[in-house]
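Number of protein chains: 4
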Amino acid sequence: MSERNIRVESIDRQAVEDQEVEIVERKGIGHPDSICDGIAESVAGALAREYIDRVGEVLHFNTDETQLVAGEAAPAFGGGEVVDPIYLLIVGRATKHYDGQAIPAETIALRAAREYLESEIPHLTVGEDIVVDVKLGEGSGDLQEVFGEDEVSVPMANDTSFGVGHAPLTETEQIVREAERRLNGEYAAENPEVGPDVKIMGKREGDTIDVTVAAAMVDEYIADLDDYIEAVESVREFVDGVAREHTDREVAVHVNTADDYEEGSIFLTVTGTSAEQGDDGSVGRGNRANGLITPNRSMSMEATSGKNPVNHIGKIYNLLSTEIAESVVSEVDGIRDLRVRLLSQIGRPIDQPHVADVQLVTDDGVAVSDVDADVEAIVNRELANVTEITRSVIEGELTTF
Amino acid sequence: MSERNIRVESIDRQAVEDQEVEIVERKGIGHPDSICDGIAESVAGALAREYIDRVGEVLHFNTDETQLVAGEAAPAFGGGEVVDPIYLLIVGRATKHYDGQAIPAETIALRAAREYLESEIPHLTVGEDIVVDVKLGEGSGDLQEVFGEDEVSVPMANDTSFGVGHAPLTETEQIVREAERRLNGEYAAENPEVGPDVKIMGKREGDTIDVTVAAAMVDEYIADLDDYIEAVESVREFVDGVAREHTDREVAVHVNTADDYEEGSIFLTVTGTSAEQGDDGSVGRGNRANGLITPNRSMSMEATSGKNPVNHIGKIYNLLSTEIAESVVSEVDGIRDLRVRLLSQIGRPIDQPHVADVQLVTDDGVAVSDVDADVEAIVNRELANVTEITRSVIEGELTTF
Amino acid sequence: MSERNIRVESIDRQAVEDQEVEIVERKGIGHPDSICDGIAESVAGALAREYIDRVGEVLHFNTDETQLVAGEAAPAFGGGEVVDPIYLLIVGRATKHYDGQAIPAETIALRAAREYLESEIPHLTVGEDIVVDVKLGEGSGDLQEVFGEDEVSVPMANDTSFGVGHAPLTETEQIVREAERRLNGEYAAENPEVGPDVKIMGKREGDTIDVTVAAAMVDEYIADLDDYIEAVESVREFVDGVAREHTDREVAVHVNTADDYEEGSIFLTVTGTSAEQGDDGSVGRGNRANGLITPNRSMSMEATSGKNPVNHIGKIYNLLSTEIAESVVSEVDGIRDLRVRLLSQIGRPIDQPHVADVQLVTDDGVAVSDVDADVEAIVNRELANVTEITRSVIEGELTTF
Amino acid sequence: MSERNIRVESIDRQAVEDQEVEIVERKGIGHPDSICDGIAESVAGALAREYIDRVGEVLHFNTDETQLVAGEAAPAFGGGEVVDPIYLLIVGRATKHYDGQAIPAETIALRAAREYLESEIPHLTVGEDIVVDVKLGEGSGDLQEVFGEDEVSVPMANDTSFGVGHAPLTETEQIVREAERRLNGEYAAENPEVGPDVKIMGKREGDTIDVTVAAAMVDEYIADLDDYIEAVESVREFVDGVAREHTDREVAVHVNTADDYEEGSIFLTVTGTSAEQGDDGSVGRGNRANGLITPNRSMSMEATSGKNPVNHIGKIYNLLSTEIAESVVSEVDGIRDLRVRLLSQIGRPIDQPHVADVQLVTDDGVAVSDVDADVEAIVNRELANVTEITRSVIEGELTTF
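Going down the list, the sequences are from chains A, B, C and D.
Residues in the first sequence are numbered consecutively from 0, following numbering that gives the first Met the number 0.
Residues in the second sequence are numbered consecutively from 0, following numbering that gives the first Met the number 0.
Residues in the third sequence are numbered consecutively from 0, following numbering that gives the first Met the number 0.
Residues in the fourth sequence are numbered consecutively from 0, following numbering that gives the first Met the number 0.
A hint or two may mislead.
All copies of an identical chain are treated as equivalent in the list; a pair is satisfied when it fits inside any one copy or across any two copies.
[To be verified] Distance condition first, Cα-Cα at most 25 Å in a straight line; then the derived DMTMM-like pairs of lysine to aspartate or glutamate:
hint, residue 1, residue 2
1, K134, D52
2, K134, E80
3, K134, E262
What the hints contain is simulated information worked out from the structure, not anything from laboratory work.
As the structure is a prediction and not an experimental result, all values here were calculated from the model.
Use the sequences and the hints to build the structure in full.
Dropping the structure here:
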């Protein structure tokens, strides 16, 4: 155990990869909950950068509560329309007055939300298909932390909180995460009919992986039912290909299984998100900080998105523990599964957690004692660089959902 | 008296031009109340046109209740910023479901409002400096009127209502109206420092006219106090020039009289409207249908803007009576002052008012009996063309405030 | 002309009582526009009293912008229900921070609104049938006026504004005003089926007065159509009786003329106000300060309700001119019609208007010169007591709509 | 394995009770997130009961998205006040029109929220200290399930979802849950100074349990700092006593550790909840269905509160798996830790999950094979009674947070 109270030990369970049943889910970028996560985090980043620009350091804020109220839409082959607009309320606190100057926190938040929506949900016309409203209470002017242009100090933990990270991802986790990212990336670039609301569930039983995709199709690019069926099949083939890059297990991919062609019930949308029709959303209800929902693993309930990256210990520790887990696994051989848990201690610097608890499953033939010194060194190094997490979040380099 | 129950008679008062004291006011296009009037009317026009496009006739709606909640701003020489956004709520009813199809009334309303704001208050960034929200209840699907592409019928009056119009404008009225229009037109085109929130009050006592202008200056174009003072003086000179085109009376123009240079209290804005800083607004609180507030004349309390132009009898009669008054005065010589009042009768076609009451002051040497037949003929003709008012409003050719 | 610049002269028109056509309207206490007026004024009174209680004087506020968005209801004989709640937004500015203490302006406003609604629209369940929301911006802490417990000073006019009052009321005006008040008073006390949304229009042509009443019936007290018809007839008889107390002219009373029994279309409500079903409302759109809409008379566009009674010159002058008119007529004989206009002058104490303009029609045989000294003395006295208007408004003794 | 695809097997980890570090948290009834959970669930129950009353079966709805925007308060010894009201928005969908009748879903929701708040957060004055607003979209009329007065059928799973339950609770879990319940129950009854916003975190390291309590004190009952200190100490003693009823391990209880008496920073509130001052809240961000946050255990991300208990498979399976786990442990001896996971299969009746996965740690000397038949029988029985979960939720007999 180091000065930083780092423990490295064997985990008391099998590697998730070796468990009999595994479930993994990812709500894509255009899912209503993810839209809220994305806006909350965009707003937080914009506020942090503005505070640094204006007063040289990040002031108190917390914007982790965006609420989306779904609209109603009338999709139609060739292009329908949103009938009742979505309503989105940005909620939180932010410092609006500091040292004699007024800081336009709500205006900054609205701009960040608009830019995010225009970039990520491009078929949604902001101000017509969606009303973006804001209620930011006044933050505590005396709660700002020293994280600025010139000096960076390690803040004290102001809460007892907990973060958890894992590595490496299992095959199923890799498939779920990659499938969504690549559908919303390279695939959508070529196939504009696929909207950003792509939800993927992976279920592995033994050596059989079922991947279920719910992909919102954008009606403007779908001429008729045949087109739709073709688009669905094309997604299936693409995801199947992605999956096979990550596993040799048996894979079955299912797309838009709730469709009923006879009844004309298909996942057709105007804007590429189900927020247009009945699906509400809010922050912290979907993906964890590593982009996945993994019931087989310890998860933090913490809503990471939108929180202040300077002093919100839950946010920092969830992101940091994930970073640590990934660093360890990439640098140290022989680790089959690894969990990092960081528990804060109120009043101590956040680079000195109450406990940094690393639990691992080693490969056959590797003992914990073979790797623990290397692991501890990496954990120690990453903790020492904790403020780098803050910097990355402010720069928008780290995803939180 | 015609079949249309038109009365032409002498008015029992002096011409307003000859009264001892006269007060006239106009709230310019960027005044918070006028912003609401303008949006309400834009929304109404957009809905009417969409209904005609989609179902061939105008369906029931009424959108005469936009509410604006002022923001907070920090103007500064050279360019400040809006600190707390303005909130604007579009309120009313509109038919959203008709004959099996959904009509996106709220989306249409939001688009119309945005386009209006971007056109008329260009320094206000919609979605950042102002949040536009909407609450339109469902209109009565069975209340639509036949005003469509193919056939136009004269609707029945569904209320006892009243409209009033006047002509010609007095010198003071002309000065007030023209000064605002030209400040917001040719002058602002050359002098971008003048924002659209220009409020003008004219007061005439005998042959002395005082014109008081409150003109919001846009900080981006004002480098310092000297610049501001120069801009104020330039407005004064311009308005003085406009006034002298309309009168030979003595004129004094005062601009931004509430300024206090010593205290640094001046009418400097970021966006060109006082809605950015503490001035709320709503529909029907400012100018009457002829663009003026004229306590010396009969006025209708009716909020004309935003009402349905097909069947809202108060709106139609206020616009029509103004049209009639102007037509009479332009076609018939010898009239010094004229008031037209139209009173509806429930259940009768709106081209047959309960009474069309024309009261006039003739020039010296002209008797009412010299002109009454001509006047009546014009009134009769205009009433027969009542649906032309509806058409003009739908096309956006008539102003309502 | 006195030091106070009081003019007394003959009006250049007939007494309204002698004009050929006269139109008068009153929107009853439960009309959606009146609900907004009533809440705005209640909120203003509550704020003013709280400021005096807390800091000893009235601070800056202005709450003249309440907006009501109608709900939907399903009335039914014997008792129906509100199906979609009404939404009401209290809008304005109020001082929330003063001299180191926080003043809960929004909480005060919400309480005042709730108490008003519970008192005046008792069948409306606040928090279920109606959502009351509030957006009060921060008032200017430096704008308070000295109107407190200990000292009262006459404030300076901070705007060029205008108030107008009339007396005596014509017969038609008296009928309209009294009919609404007594329907909502003694009659409703005995006949709970009559809701507070009673709208009355009086039209006089020569010596024939038509009184048209639209009275919302409360479904809980109406068992069936026969009951309804009986209730309508009973209202008609009552109003007929009221009318005959005020005139010897021919009177015809019509109640709920838009009803169509065949189609089952009647004015039946759950809550006694049409705000429950499609009728939006806002401040300043209905009755003028004397409780009436009188197109035959000069009217101010000023929304009196909700304005600050200490320093809002438009509010004060509208109320004061009405008081003056009534005082003159009650104290001086021989006046058939009288109009008082008060015009403020920026920067002068409000008891010294730019002009106090009294115009009158005398009875036959009475000359203006017979009464002008008495009139001027009364005007002078009332102006000297201008702060009494403020006090009365704060105490809730004066109605504003 | 039964027809119901029930698996009973050994879990691949230690019992949580035997793990080295354990963390447990409970957000008390008055925590902002719990307020949202509680309102969402109250609204859901009220809607379900009303649907049964009105149409004989539960119609489609989902109200799992309440959002709370914190207010501002000025607590003071002896009694302060809320300065800026809390804003709470009830969000979701509900069937408003069914078979020709209108169902007042929003009115029902508002009433349920108000009653809940008045019951659970009694010092919060609804309509003054908190504005409750609602936005419920129209539910799909064709999505109702047959769960009515007369017949109950087992619905089909309409989603792939997952529920997880655990039993028995560890000592730390029991302490955390009981401490909150009893503080908000018997203790608050005697000690009204303790508000409902009590947050408890338990941390066990080996045989040492730290219990950290954050308890909002109600200022009305706290005369001064000494009183406050006494109240804090009294809570500490009470929780210490509760803890000792559940464990023989070493226990340390800490209350309101963030207080700083020197700086006058204490957890004093007007209303007993931190929602009054800066703490926002929303549904599904706090306790899981068993009332706890347990990072040592598998948790579902599902927001259970507010979901439709007839057909929302995630809600039903989370509640049911918890019920199963508790039943098994109470009926079968020799089980030290047990986890039940239920995974749905789209299109199959919900009493036939894709897999019902029971994993357990047995006591020393007990083999899985000794108990598996008994366990399976209980799981089978509980699955067969799955609609009893729905009934209990509708009746408000089951808590969801």
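These are the hints, each one checked on the structure:
1. With identical chains, the CA atoms of K134 and D52 are at most 25 Å apart within one copy only, with a shortest distance of 23 Å there and 30 Å across copies.
2. For a Cα distance limit of 25 Å, the shortest separation of K134 from E80 across copies, 19 Å, qualifies, whereas the shortest one inside one copy, 28 Å, does not.
3. Neither within a single protomer nor between protomers do K134 and E262 lie at most 25 Å apart by alpha-carbon distance, with minima of 42 Å and 29 Å respectively.
Against the hints set out earlier in the document, a violation occurs for number 3 only.
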